[in-house]
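Chains as they are written, first to last, in this note's numbering: chain A, 1 to 585; chain B, 586 to 824.
These are calculated hints, taken from the structure and not from any lab test. What you are looking at is a predicted structure, and each value in this text was computed from that prediction instead of being measured. Just so it is clear, CB atoms sit at the ideal spot from N, CA and C, and this is done for glycine as well.
Every beta carbon over 10 Å from chain A, so not counted as near; a handful from chain B, in silico:
{"hint": "1", "residue": "Ala621"}
{"hint": "2", "residue": "Pro669"}
{"hint": "3", "residue": "Leu698"}
{"hint": "4", "residue": "His699"}
{"hint": "5", "residue": "Ala700"}
{"hint": "6", "residue": "Leu740"}
Under the rule of at most 30 Å between Cα atoms (straight-line distance), these lysine-lysine pairs were calculated in the DSBU-like manner:
{"hint": "7", "chain 1": "A", "residue 1": "Lys313", "chain 2": "B", "residue 2": "Lys770"}
{"hint": "8", "chain 1": "B", "residue 1": "Lys770", "chain 2": "A", "residue 2": "Lys319"}
{"hint": "9", "chain 1": "B", "residue 1": "Lys616", "chain 2": "B", "residue 2": "Lys824"}
{"hint": "10", "chain 1": "B", "residue 1": "Lys616", "chain 2": "B", "residue 2": "Lys676"}
{"hint": "11", "chain 1": "A", "residue 1": "Lys313", "chain 2": "B", "residue 2": "Lys683"}
{"hint": "12", "chain 1": "B", "residue 1": "Lys770", "chain 2": "A", "residue 2": "Lys225"}
Take a look at the letters that make up each chain.
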Amino acid sequence: MVRHFIHWLLFSIVLAMFVRAVEVTATLDATQVNPGDAANLTFEIKGGQTQRPNVPNIENLTVQFQGQNQMVSIINGRTESVQSFQYIIGSHIPGVYAIPAITLAINGQNFTTKPLTLHVIGNGATLQVPDPKAKDPERFGSLTLELSTQQRQYAYISEIAPVIIRAWLPMDAQVQLRSVIQPESKGFTLHNVTQQPQQSVEMRDNKQYRVLTWFGGISATKAGKHSVSLAMKATIAVPDDSQPALRQRNRPSMRIGGNFIEKELTLSTKDQEIEVRALPTEGKPENFSGAVGEFQFDGIEIPQQWKTGEPQKVALRIKGRGNFAIMQAPPLTPEELWNTYPGQDQFNPDDQASFSGNKIFQYNAIPRKAGNHPVTFTLHFFDPDKGAYQSIQSPTQTITVTGEDMVEEPQGEARENEKKPDIDPASIPAPSRDNNSATRSLSPWHTSAAFISLLSIAGLLTLAGPIGAVIQSRVNDPQRRKSMAIAREIAASSKTTSLALELRDATSYFAAARRTLQLHLSAAWQLKPEAITLADVQVRCATDSPLVAFFREADRYAYGAPPTADDWNALDARFQQALLSLPRP
Amino acid sequence: MRSLFLILLLVCTCLTDLRADMFADALALEKQGQHAQAAARYESMISQQQASRSVLFNLGNCYYESRNYGKSILAYERALLINPRAADVRKNLALTRKEAFSNEVINLPKGPLHALSRSEWAACIVICALVLGVSSISAWLRPLWRKSAIIIGVLALLPLAFGILALKQRHTESARAVVTASTAKLLLSPFSSADEITSCPPGSLMQVIRVQGDYRYLQLIPSNSCGWLHHSEVELIEK
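One chain only, chain A, in its complex shape (with noise of 0.2 Å):
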């Protein structure tokens, strides 16, 4: 029984070694903080694991979690394990807050911290914190409606009256655009908004916004009194006044915690009421071009010599301020003398909303009569400002038209009530009785995953035959190959030298060793292996050369004793020299 106590004991104690005891501790790395500074609150968990500890909610402090982390270290064959959970706490409330003893369940049992306590200590004054109930309109941001020049009260339908519409969006604020603005009021069409907005900082009842401008023009459809207003969806997070960002004391600049409201919402400008009102009808000239504005001619290009039934282009630029965008070509006149046809047109703005700018229109016209013709371009337009239509002319050029009057045809009502010929069948050929057509897709061919993979292939064939010629003829060079023939040959001869060596075969030796130098000489000096001998050799090369040295010796014992022991080393010395003696290729 004694030695089982002892057993156990060691047992316990080994155990003990290796195990720590579970520690659990919680610290505040600060007592004391001013209002709306953050101290940081620290749970260490020695020697197991825990979930989150839940700190209980306490009236006026903000607890926020930050993180955990885990460390595990071995010290001297000691595994240490720690866990830990950081949390910020503060307030912007002067006053003693008690965080209580809170129990965490690890490993099975329960540990409890000792309880802290923070004092936030103000400087006297306290601080004011937004009562949360008091609702700002203006909490998420507005939209204004300006209009940008000195308007009179009343406007035209189809005139356009140049805006800015600004959103102004708290500093602090996320904002996700979410739509066009668009007129909430049906009565209204919007011009030309630009597509990027200005962006700027402004200060507005001594609180600082970011504000988005944009241009552009608004007209009405319909007469009467109307509301004008815009509205843009958009999603906008500002934060949380309830529970305000509290400061890192290290670094007050930087806030830490805090939560924002999100809010998805439409933004609408104030109503505005205009009263629209109709183009008069009295004065209205017959060729009203529909343009409400100030208008000017700003050039015009008019060929001098004309043929009639020969069409030419003739050119005109009209500037100045309005409804550009439903102003007609003016036409020549007299009218009588001229068959017209649709052309182009083209608008150059002048400034953001395209309220101002000019307009070019080109257009084929055909003279009728033959003779020096004073002809002009007239412009009809309602002026807004003065209440009333005006009719401006280009000034008159006299053109001269050569060639037969055009015989009169029809025009406009008489040819609308003129009866149209009933369609002769003959004229449109008879539908296609046999489908022999074969079924087709209406969508191009080359858009077709099939054609990028034909295609693909048929370019890789194409590189493919080059890039093999190219190859083959390194390959079948016959010099390349040569070369690489006799590369293998003075290899296969150096082994058998060294071989010989090693056997003392004098034979074999010379014969191999003169085969080699044969070898490499022939690649130098482009003849027969065979051919060299040492009268070409001596030819060729210095009388004290290595290589005569050797060939002769190669003669002398082919002929003569074959070589003793110690003349093998100078041999193959002397051949080793020759070697390297050998002339380049």
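Add chain B to chain A, keeping to what the hints say.
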């Protein structure tokens, strides 16, 4: 394997017969003067991927007879996608445009680059590229054929270059559309109460520039006026 082949052959034969039956029915309705029903039959054939030049041409005729000029012109334009050289389609298209008082295309595109449809040019490019590839391989593997292979390869380059040029020049045709509504008006802004710029007769040819919600921003050909139309009033020629 043999039985699988026979089954496939049987299925293809059945489908061909079915297609021929549908066409015959539609043609019979057309001859009886029931153009609307005939048009519906042709439209169902097209929705089942059975569009052919004949089907589209007949559909165009049916819509013409029903005074639906917008859809008639759309059908003829689609028939020209398949075969731009079809003289009967071009003639009927010109007649329908005149009848609709639509914007005249000053000239239907002509020239060598428009002689083939874009699909035909694509096929030409692939064939020439394959010929070039095979010539290249032949020149490498068969030295005896090298000279001929090179000549054939060089000759294949010319139509290949033409095809690439044609596709490049005509890439904007993907965005061409036809007004199908009888009373379409080009608007200043993409909503229904916006100011009108001009009216577009049915069959007017347009170029789609961009899409925003339910509206399309288009340019009228050839007057170049730009504006917005609801997507239900205009249809792309290519699908």
